[in-house]
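Peer 1: As a plain string of letters, each chain reads:
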Amino acid sequence: MRNRRGLSNLIIVVLSLVILVVIVSNVILWSYQMNQLDWEKMQENVNVSNVARITRSSWFVTQNEYTINKGGRTSSSYLDTQIMDNNYESFRESSPPRMFDINGTFSIDLSIYPLVHIQSVEIQLKYRVDDTGEKWFLKAYDWTSKSYSDNGFNYTVGHTPSLGWNYYAVNLTNNWLSYVRNDGKILIKVHDQLPDSTRTNIEIDFLGVRVAVSGALFTLQNKGSRTTHFVSIWVNNSTEHKRYDADAFVNSGETISYQRADIQLPSGQYTVKVVTERGNIAVYAAR
Amino acid sequence: MLKMWWNQRAITPVLSNVLLMVIAVAGMSIAITATYVITGNLRETMGERFIVEDIWFRTDTIAIYLRNTGKMPIDVAAVYVDYRAQSFTALHLEPLDHGWLNVTLTWTTNTVYHIKTVTSRGTQSADYYKSPT
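So the protein lines, in turn, are chains P and A. One point on numbering: in this note's numbering, the residue at position 152 of the first sequence is 161, and numbering is uninterrupted. One point on numbering: in this note's numbering, the residue at position 23 of the second sequence is 1038, and numbering is uninterrupted.
Simulated from the structure, these hints should not be mistaken for laboratory data. Any given hint could be a false lead.
With the C-beta cut set under 10 angstroms, the calculated list includes, among others, these residues of chain P facing chain A [unchecked claim]:
id, residue
1, Ile20
2, Val27
3, Ser40
4, Ser129
5, Ser247
6, His250
7, Lys282
To give an idea of the interface, some chain P residues facing chain A are shown, with a C-beta separation under 10 angstroms as derived from the structure [what the hints assert, rightly or not]:
id, residue
8, Asn35
9, Val36
10, Trp39
11, Met43
12, Leu46
13, Leu119
14, Glu249
The following label-pair restraints were derived from C-beta to C-beta distances [as the list claims (entries may be wrong)]:
id, chain 1, residue 1, chain 2, residue 2, range
15, A, Gln1101, P, Ser247, 19 to 25 angstroms
16, A, Ile1045, P, Asn246, 58 to 64 angstroms
17, A, Val1133, P, Gln133, 56 to 62 angstroms
18, P, Ile92, A, Gln1139, 53 to 59 angstroms
19, P, Asn260, A, Ala1078, 30 to 36 angstroms
Quick reminder that beta carbons are idealized off the backbone N, C-alpha and C, glycines included.
From just these sequences and the hints, can you work out the full model?
Peer 2: Printed below as a string of structure tokens:
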């Protein structure tokens, strides 16, 4: 009889121990996990140091060598046409008929500047020629008519160069959508006016495309010791509270410029709040 | 006759032994299930975190924007404005989810309100908010 009771007691003691271990380990593990979550949140130190309006994007430049239809390259490469620094790529008109015609491929970053928020597109060329007797033209590929055109450009009569560096900029005005493909691709052509008696040398220091937008630029700082993920941006004023989804990671100790073409800052006083995934909020008051 | 009586008595100890074991195992099974349920509830309560991203005083409404930063889904069970329960639109948020919680209240301008949001598991967030002028 004592042995029988002993077996039952043993079962109860062992299972009670198991239950006790399960409860204690669960509680310890979960409090460890949630403490870590809270600790990470406490270690986060974020700041919005500046908020500014933006009306134009940065320049988008070609990432490939130009396609030369007429004429030839004499020195350097497309890399020298990416920054205005007086380092240039040199070309020369073709032998008679003396003509020049090149195409470049440019890509607008639609992840930052979605098509719906683009107001217009601008093209800028910085170049130098040794013959100022003929005009130079900028055109873009019209994806609708499938040809290069300057229809709708604010300036279509070409640019008459002078000696030294010349700046030639055109705006695609309201017709820009015909020239930008759904993936942001835009093809630009640079060509001379007509065959002439001089075989012109042309040096291109810069050729780029940028978009006109009405957006905002946020300077986000992470002063904490862990990487921060910004998940939402609020732009509040006395009449409206607008929330925007955000997706920006900032490494520890780093500052980033976060551009948004879809966020229009209100006039007058407003407050910008930036929220992190861990639940911290940084505030910027604009006056 | 004696042998037969002896055999009948032998069945009782076996039965009682088995019965005791069955009772012990069944009892402990119930205890383990109860433990699972209790620790599950505890875990859910411990895993709740949420923040108030924004408060917007609108016409006859205080709109509270909540973000679930914890590891458990949350349901808003009560909203107290100045320690009085208010009616509100139901809100369920999965982890990392976010949304508006509209509290029906005729507020007055330039007044400080104590607003407390409580989830179904009892987690709360409370702070003072001043209405616009």
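Peer 1: Look at each hint and say if it fits the structure.
Peer 2: Here is how each hint holds up against the structure:
1. Hint status for P/Ile20: holds, given a least beta-carbon distance of 4 angstroms to chain A, under 10 angstroms.
2. A hinted interface residue such as P/Val27 counts as satisfied when its beta carbon comes closer than 10 angstroms to some beta carbon of chain A; here the least separation is about 8 angstroms, so the hint holds.
3. At its closest, the beta carbon of P/Ser40 sits 6 angstroms from a beta carbon of chain A; the interface hint therefore holds under the 10 angstroms criterion.
4. Annotation: interface hint on P/Ser129 violated; nearest CB of chain A at approximately 33 angstroms, more than 10 angstroms.
5. At its closest, the beta carbon of P/Ser247 sits 6 angstroms from a beta carbon of chain A; the interface hint therefore holds under the 10 angstroms criterion.
6. Interface hint at P/His250: satisfied, since its Cβ lies 4 angstroms from the closest Cβ of chain A, which is below the 10 angstroms cut-off.
7. For P/Lys282, the interface hint holds, the least distance from its beta-carbon to any beta-carbon of chain A being 7 angstroms, beneath 10 angstroms.
8. Of the supplied interface hints, the one on P/Asn35 holds, with its beta-carbon coming within about 4 angstroms of a beta-carbon of chain A, less than 10 angstroms.
9. Annotation: P/Val36 was flagged as interfacial toward chain A, and the flag holds, the nearest CB pair being 7 angstroms apart, inside 10 angstroms.
10. Interface restraint check for P/Trp39: the shortest CB-CB distance to chain A comes to about 5 angstroms, inside 10 angstroms, so the restraint holds.
11. Restraint check, P/Met43 versus chain A: the minimum CB separation of about 5 angstroms is within 10 angstroms; hint holds.
12. Because the smallest distance between the Cβ of P/Leu46 and any Cβ of chain A comes to about 7 angstroms, under 10 angstroms, the interface hint for this residue holds.
13. For P/Leu119, the suggested interface contact is broken, since its CB lies about 25 angstroms from the closest CB of chain A, more than 10 angstroms.
14. Because the beta carbon of P/Glu249 sits about 9 angstroms from the nearest beta carbon in chain A, less than 10 angstroms, this interface hint is met.
15. Between A/Gln1101 and P/Ser247 the beta carbons are some 24 angstroms apart, a value that agrees with the proposed interval 19 to 25 angstroms.
16. Hint check: A/Ile1045 to P/Asn246, Cβ distance near 60 angstroms, so the stated range 58 to 64 angstroms holds.
17. In this structure, A/Val1133 and P/Gln133 meet the distance hint of 56 to 62 angstroms, their C-beta atoms being roughly 58 angstroms apart.
18. For P/Ile92 paired with A/Gln1139, a C-beta distance near 55 angstroms keeps the hint of 53 to 59 angstroms intact.
19. Against the hinted window of 30 to 36 angstroms, the Cβ-Cβ separation of P/Asn260 and A/Ala1078 comes to about 34 angstroms, which satisfies the hint.
In summary, the numbered hints that this structure violates are 4, 13.
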